[in-house]
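Participant: Chains A and B supply the protein sequences, listed in that same order. Just so it is clear: in the first sequence, position 72 is 72 by our numbering, and no numbers are missing. Just so it is clear: in the second sequence, position 110 is 110 by our numbering, and no numbers are missing.
Just so you know, the hints here were simulated from the structure itself, not pulled from any lab data. One should not assume that every hint holds.
[Claimed, not checked] No more than 25 Å apart at the CA atoms, straight line, and that leaves these computed lysine to aspartate or glutamate pairs for DMTMM-like:
| hint | chain 1 | residue 1 | chain 2 | residue 2 |
| --- | --- | --- | --- | --- |
| 1 | A | Lys11 | B | Asp200 |
| 2 | A | Lys74 | A | Glu35 |
| 3 | B | Lys227 | B | Asp17 |
| 4 | B | Lys90 | B | Glu114 |
| 5 | B | Lys133 | B | Glu101 |
| 6 | B | Lys124 | A | Glu10 |
| 7 | A | Lys81 | B | Asp17 |
| 8 | B | Lys142 | B | Asp200 |
| 9 | B | Lys56 | A | Glu22 |
| 10 | A | Lys97 | A | Glu17 |
| 11 | B | Lys116 | B | Glu202 |
| 12 | A | Lys38 | B | Asp17 |
| 13 | B | Lys133 | A | Glu22 |
| 14 | A | Lys11 | B | Glu202 |
| 15 | A | Lys84 | A | Glu4 |
| 16 | A | Lys15 | B | Glu114 |
| 17 | B | Lys56 | B | Asp118 |
| 18 | A | Lys15 | B | Asp17 |
| 19 | A | Lys84 | B | Glu187 |
| 20 | A | Lys15 | B | Glu101 |
[Said to hold, decoys possible] What follows is a set of in silico ranges between Cβ atoms, one per label pair, in the way DEER data are often shown:
| hint | chain 1 | residue 1 | chain 2 | residue 2 | range |
| --- | --- | --- | --- | --- | --- |
| 21 | B | Met141 | A | Arg102 | 45 to 51 Å |
| 22 | B | Pro18 | A | Val66 | 28 to 34 Å |
| 23 | B | Asp118 | A | Glu39 | 46 to 52 Å |
| 24 | B | Arg66 | A | Ser2 | 55 to 61 Å |
| 25 | A | Glu39 | B | Ser201 | 53 to 59 Å |
| 26 | B | Asp55 | A | Val92 | 54 to 60 Å |
| 27 | B | Pro18 | A | Asn7 | 17 to 23 Å |
| 28 | B | Asp55 | A | Glu39 | 47 to 53 Å |
[Unchecked claim] Incomplete in silico selection of chain B near chain A, CB under 10 Å:
| hint | residue |
| --- | --- |
| 29 | Lys9 |
| 30 | Gln14 |
| 31 | Phe16 |
| 32 | Pro18 |
| 33 | Val25 |
| 34 | Pro32 |
| 35 | Glu107 |
| 36 | Val111 |
| 37 | Gln113 |
| 38 | Leu205 |
Think of the CB as a built atom: it goes at the ideal place given N, C-alpha and C, for glycine as much as any other residue.
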Amino acid sequence: MSQELLNLVEKSSLKAEIPHFEIGDTVDVHCRILEGAKERTQIYTGVVIARASSGSRATFTVRRIVQGEGVERKFPLHSPKIGKVVVQRSGVTRRAKLYYLRDRIGKAVRLRERRTDRTAKAKK
Amino acid sequence: MAVGLLGRKVGMTQIFDPAGFVIPVTVIQAGPCHVLQVRTADRDGYEAVQIGFLDKPRRLASRSQRGHVARLDSKRQKQRAAAGVQPVAKPNTEPQRFVREFRTAVEGIQVGQELKVDIFANIKAVDISGVTKGRGTTGAMKRHNFAGQRATHGVKKVHRHVGSIGMNTDPHHVFKGHRMAGHYGTENVTIRNLLVARLDSENNLILVRGAIPGPIGGYVVIRQSNKVGPGTKK
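Produce the complete structure using the sequences and hints provided.
Facilitator: Put into structure tokens, the structure is as follows:
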């Protein structure tokens with residue numbers, strides 16, 4: 001009973017359609033940023049290394065290298081501040097969390113590209 | 001409306017505010033509550049409104065609990081009325097699981113009236129009272145936030161102990177009320193000034209920002225906050 005009520009509350013915060021992407025994908029995250037009174041879109045590009053939680057609490061972590069320094073940003077999947085998430089490149093992965101990328105530098109960070117398109121399958 | 005509501009903790013989750021920020025919320029199933037009794041200065045010596053939450057099966061309720069909500073057209077009530085006893089107003093509901101009084105006089109409230117979350121419609125912040133989770137016998141570090149002792153430098157097997165509890169020959173005893181290990185939890189706690197994040201009158205839910213005392217399923221009392229300037233914290 002408790003869980004049903006919680007789901008009910010979370011439903012109001014869920015996005016109708018969530019962008020399809022997978023672990024290991026290189027994505028462009030379009031985030032809305034308020035600058036003074038003006039709103040603009042900033043694009044954050046990186047590799048999705050983790051997805052966590054469910055319901056309205058779901059998040060995903062995007063890792064990128066900025067000036068030789070690893071930067072990770074965690075986005076709430078259902079946040080109204082997150083616009084589009086565009087997949088630029090898909091990587092082949094064998095695990096759900098790519099935390100091992102943190103220990104790698106340079107060429108070792110690259111993931112083998114996945115050629116098959118799983119988006120259509122997921123939509124079905 | 002100064003009267004509050006009774007409710008049950010459903011759990012915590014998070015929602016997004018219009019600006020897109022995450023608000024951590026506790027979901028409370030509040031009401032509908034029935035007014036069981038209105039206490040007046042003339043009859044009871046004080047003014048209060050007694051309300052109940054959640055129906056209790058009649059077989060589990062005591063005789064007095066059943067009588068408290070009894071119908072006025074029952075056989076016994078008819079006999080009493082015939083004998084000339086002025087009947088006391090009864091709510092005509094099932095016996096209630098959770099009953100509390102609010103020490104206020106409320107204009108125009110009647111026994112049997114149903115109270116819903118709508119009464120908080122124009123209220124920004126609430127105070128919530130509940131019984132905290134029981135923690136059993138607990139050490140002084142967890143119970144009173146004592147610092148404990150060092151992990152090294154010769155400390156032997158007393159890393160989480162209280163330490164010194166007093167002086168020497170004078171005063172020759174430990175002062176009363178000295179904080180030590182002991183039973184912790186299951187105490188009445190009120191969290192004040194919790195922002196009302198959302199009201200859902202359809203499902204009788206009230207969402208407040210932040211945590212409230214007690215386990216999931218625990219009963220809580222919700223009142224309008226008596227703090228001035230609600231929402232000091234964003």
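Participant: Can the suggested window of 47 to 53 Å be confirmed for the beta-carbon pair Asp55/B and Glu39/A?
Facilitator: Since the Cβ atoms of Asp55/B and Glu39/A sit about 50 Å apart, the hinted range of 47 to 53 Å holds.
Participant: Checking one constraint from the list: CA of Lys84/A to CA of Glu187/B, max 25 Å. Satisfied?
Facilitator: violated (48 Å)
Participant: How about Gln113/B: closest beta carbon in chain A under 10 Å, or not?
Facilitator: It is violated, given that the least Cβ distance between Gln113/B and chain A is near 25 Å, above 10 Å.
Participant: Please test the hint of 53 to 59 Å on the beta carbon pair from Glu39/A and Ser201/B.
Facilitator: violated (33 Å)
Participant: Between Lys56/B and Glu22/A, is the straight-line Cα distance small enough, at 25 Å or below?
Facilitator: Distance of about 50 Å is beyond 25 Å: violated.
Participant: Tell me if Glu107/B is really an interface residue toward chain A, meaning its C-beta lies closer than 10 Å to one of theirs.
Facilitator: For Glu107/B, the interface hint is violated, since the closest Cβ of chain A sits about 33 Å away, which is over 10 Å.
Participant: Taking the least C-beta to C-beta distance, is Val111/B closer than 10 Å to chain A?
Facilitator: Violated, because the Cβ-Cβ distance from Val111/B to chain A comes to roughly 29 Å (cut-off 10 Å).
Participant: Hint validation: Lys9/B versus chain A, beta carbon distance must be below 10 Å. Holds or violated?
Facilitator: Given a least distance of 9 Å, the restraint on Lys9/B holds.
Participant: With a cut-off of 25 Å on the C-alpha distance, tell me whether Lys133/B and Glu22/A pass.
Facilitator: violated (40 Å)
Participant: Are the Cα atoms of Lys227/B and Asp17/B separated by 25 Å or less?
Facilitator: With Cα atoms ~23 Å apart, Lys227/B and Asp17/B stay inside 25 Å; holds.
Participant: Is 54 to 60 Å right for how far apart the beta carbons of Asp55/B and Val92/A are?
Facilitator: holds (58 Å)
Participant: Is the Cα-Cα distance between Lys15/A and Glu114/B 25 Å or less?
Facilitator: Since the Cα atoms of Lys15/A and Glu114/B sit roughly 35 Å apart, the hinted pair is violated (cutoff 25 Å).
Checked against the numbered hints above, the structure violates hints 8, 9, 13, 15, 16, 19, 20, 21, 23, 24, 25, 34, 35, 36, 37; every other hint is satisfied.
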